[in-house]
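Q: As a plain string of letters, each chain reads:
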Amino acid sequence: MTAAVAITPSVESLQNTARTLRRHALRMIAEAKSGHPGGSLSSAEIVTALYFGGILRHDPANPEDPDRDRFILSKGHGVPILYAALAESGYFPVEELMTLRQVDSRLQGHPVLGTVPGIEASTGSLGQGLSIGIGHAVAGRLDGKQFHTFVVLGDGECQEGQVWEAAMAAPNFELDTLTAIVDSNRYQLDGAVEDIMSLAPIVDKFAAFGWNVLEIDGHDMGAVVAALSQARAHRGQPTCIIAHTVKGKGVTFMENDNEFHGKAPNKDQLEVALSQLAPVT
Amino acid sequence: MRATFIKALAEIAERDERVMLLTADLGYTVLEEFAGRFPSRFFNVGVAEQNMLGVATGLAESGFIPFVYSIATFATLRPYEFIRNGPILHQLPVRIVGVGGGFEYGTAGPTHHAVEDVGVLRLQPGITVIAPADYNQARTALETTWELDGPVYYRLGKDEQRLVPGLDGAFSLGRAQLVRDGDALLIVVMGSVAPEAVAAAEELSVDGIECAVLVVASVSPVPEEDLIEQLSRFRTVLTVEAHFVTGGVGSLVAEVAADNGLGCRVVRNGVKVPLGAPGGSEAYLLDHHGLSRGKLREAARLAVLQTASI
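If you read the protein sequences in the order shown, they are chains A and B.
Mapping of the first sequence onto the working numbering: position 44 corresponds to residue 44, and the numbering continues sequentially without gaps.
Offset between the second sequence (1-based) and the working numbering: plus 281.
Be a bit skeptical, because a hint or two may be false.
Unchecked claim - Taking CB as the label site, the calculated pair distances span:
| no. | chain 1 | residue 1 | chain 2 | residue 2 | range |
| --- | --- | --- | --- | --- | --- |
| 1 | A | P201 | B | D306 | 53 to 59 angstroms |
| 2 | A | D190 | B | E424 | 24 to 30 angstroms |
| 3 | A | D67 | B | A539 | 47 to 53 angstroms |
| 4 | A | E271 | B | D306 | 21 to 27 angstroms |
| 5 | B | A389 | A | H234 | 39 to 45 angstroms |
| 6 | A | D195 | B | L358 | 28 to 34 angstroms |
| 7 | A | G222 | B | E424 | 55 to 61 angstroms |
| 8 | B | E506 | A | D195 | 56 to 62 angstroms |
| 9 | B | Y565 | A | H234 | 55 to 61 angstroms |
| 10 | B | D297 | A | P279 | 50 to 56 angstroms |
| 11 | A | P201 | B | L358 | 32 to 38 angstroms |
Unchecked claim - Here are a few chain A residues that sit away from chain B, every Cβ distance over 10 angstroms (derived from the structure):
| no. | residue |
| --- | --- |
| 12 | Q128 |
| 13 | I134 |
| 14 | G140 |
| 15 | V203 |
| 16 | Q269 |
Treat the hints as calculated values from the structure; they're not laboratory data.
Keep in mind it's a predicted model, so treat the numbers as computed, not measured.
Every residue, glycine too, gets a C-beta built ideally from N, C-alpha and C.
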């Protein structure tokens with residue numbers, strides 16, 4: 001692996017990076033007039049911690065490195081925040097972000113393997129990413145490699161049956177090189193998860209399936225970095241991080257307003273949002 | 282067919298450490314040889330076909346060649362969306378092994394009858410679809426395709442005894458095999474029902490009616506040139522498959538005929554009604570759906586008479 005050893009930046013610096021990713025995501029979605037702001041913003045700290053907090057071992061100059069850590073965004077509709085992280089990491093030019101969902105763009109509305117480097121799986125049909133992550137983790141073990149596989153799921157996504165097939169398999173296979181992070185923003189397209197098909201108690205469910213479960217505030221950058229480090233170090237079983245998040249986090253009028261699950265902000269809304277997400281010095 | 286296939290797979294796995302075998306709890310009495318010889322490369326994922334296809338996708342992305350094994354209906358229909366979004370969309374070397382194509386699980390009932398597996402996979406560009414006619418052809422098919430870059434579906438039978446006369450285990454991607462020649466009619470057959478079709482042709486021969494029989498095991502890629510060559514020789518073609526007549530080899534032959542402006546009539550023999558009643562053994566169900574040698578013989582005789590009167 002050729003990547004330099006990452007020096008973990010300060011929490012303040014990471015918080016600013018998260019703001020940068022949020023601004024990118026909203027600009028992209030506004031330009032495309034289509035996309036999912038709510039679930040992109042709720043994942044911002046998780047994705048920032050992975051890519052910029054010294055968690056993910058990766059080399060943007062060598063995206064096919066067999067020793068790289070794998071990151072799979074199973075909740076594929078949140079891809080704007082991932083594209084932003086990949087661009088800021090150097091996988092492709094930041095300017096390309098504004099081509100989201102445009103004709104002939106590599107940045108499709110849900111991630112597609114083989115389009116831009118850094119995308120590890122085609123997702124968008126919910127419930128499929130954790131299974132793919134298990135495949136990578138098993139492959140790594142068979143090959144004697146040290147890489148870790150991280151999979152981010154949505155809480156609504158956990159209503160898919162396949163998630164629980166995978167949740168059953170990973171502890172059975174003793175995959176301690178696999179970490180699932182549930183971005184638990186409490187909303188799905190049609191409304192509150194609690195009202196539509198409650199997953200409670202989700203911590204108990206994953207624990208009962210044999211996972212090492214950590215529960216954190218998914219917007220507390222220090223806590224996110226610490227939990228991901230802990231997950232990586234944990235031996236004997238896979239770790240599931242239940243990250244309690246706020247849908248639309250960082251923009252006052254989007255927070256917990258499920259209207260912005262899948263609706264792009266208009267020009268005026270974007271201006272207000274960007275001002276709220278300005279870098280803090 | 283499946284025992285031969287797994288034995289051949291174990292031999293390949295001996296040579297290539299990338300080969301893996303996954304099953305969703307249907308390996309009993311079949312997969313032990315592989316599991317015993319390569320325990321680290323065998324996974325029983327439990328009764329969870331969707332996860333099995335997902336795990337296989339991740340394994341293939343990381344450089345392995347995973348074979349996933351189940352009864353044909355469960356291997357193809359339950360995880361169908363994942364086959365589309367995983368191995369096909371990613372163009373990965375995942376091998377889906379479906380056992381018991383057609384009515385091979387006869388008395389187990391319609392949930393176990395795979396009569397649309399070939400159709401649903403054939404309509405996806407980007408996956409090779411192979412339906413061997415006997416166990417020798419299954420072995421050749423595996424040996425010549427296991428290392429392909431993209432995904433493959435193998436539709437296997439369970440029989441390890443019957444051989445299609447004249448086939449001699451021949452298989453070639455994108456080719457069809459003429460196992461018997463004649464001038465009265467062309468029979469195009471797919472899958473393990475092939476011995477019935479050949480038997481029907483042999484019985485007609487006694488009456489002086491000589492039918493040619495073409496085996497299509499390489500369903501995708503389509504054996505276009507071989508089909509054009511053979512279809513062009515006949516006014517009537519009888520297709521035979523333990524599969525719905527829509528989507529399988531009957532559709533395939535009709536497509537090739539239409540695409541190329543060939544003048545032959547296509548008489549499709551296969552399943553034409555919804556599954557359900559009646560229940561019965563494979564032999565009973567094949568006969569019920571017009572696919573026994575006796576029913577095929579009469580269907581062919583009728584087609585020859587109709588052709589003569591056109």
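Q: Are the hints correct? Go through all of them and say.
A: Here is what the structure says about each hint:
no. : hint                                : in the structure
1   : A:P201 - B:D306: 53 to 59 angstroms : violated, 29 angstroms
2   : A:D190 - B:E424: 24 to 30 angstroms : violated, 51 angstroms
3   : A:D67 - B:A539: 47 to 53 angstroms  : holds, 52 angstroms
4   : A:E271 - B:D306: 21 to 27 angstroms : violated, 56 angstroms
5   : B:A389 - A:H234: 39 to 45 angstroms : holds, 44 angstroms
6   : A:D195 - B:L358: 28 to 34 angstroms : holds, 32 angstroms
7   : A:G222 - B:E424: 55 to 61 angstroms : holds, 57 angstroms
8   : B:E506 - A:D195: 56 to 62 angstroms : holds, 60 angstroms
9   : B:Y565 - A:H234: 55 to 61 angstroms : holds, 56 angstroms
10  : B:D297 - A:P279: 50 to 56 angstroms : holds, 53 angstroms
11  : A:P201 - B:L358: 32 to 38 angstroms : holds, 34 angstroms
12  : Q128                                : violated, 6 angstroms
13  : I134                                : violated, 5 angstroms
14  : G140                                : violated, 7 angstroms
15  : V203                                : holds, 22 angstroms
16  : Q269                                : holds, 33 angstroms
In summary, the structure is inconsistent with hints 1, 2, 4, 12, 13 and 14 from the numbered list given earlier, while agreeing with the others.
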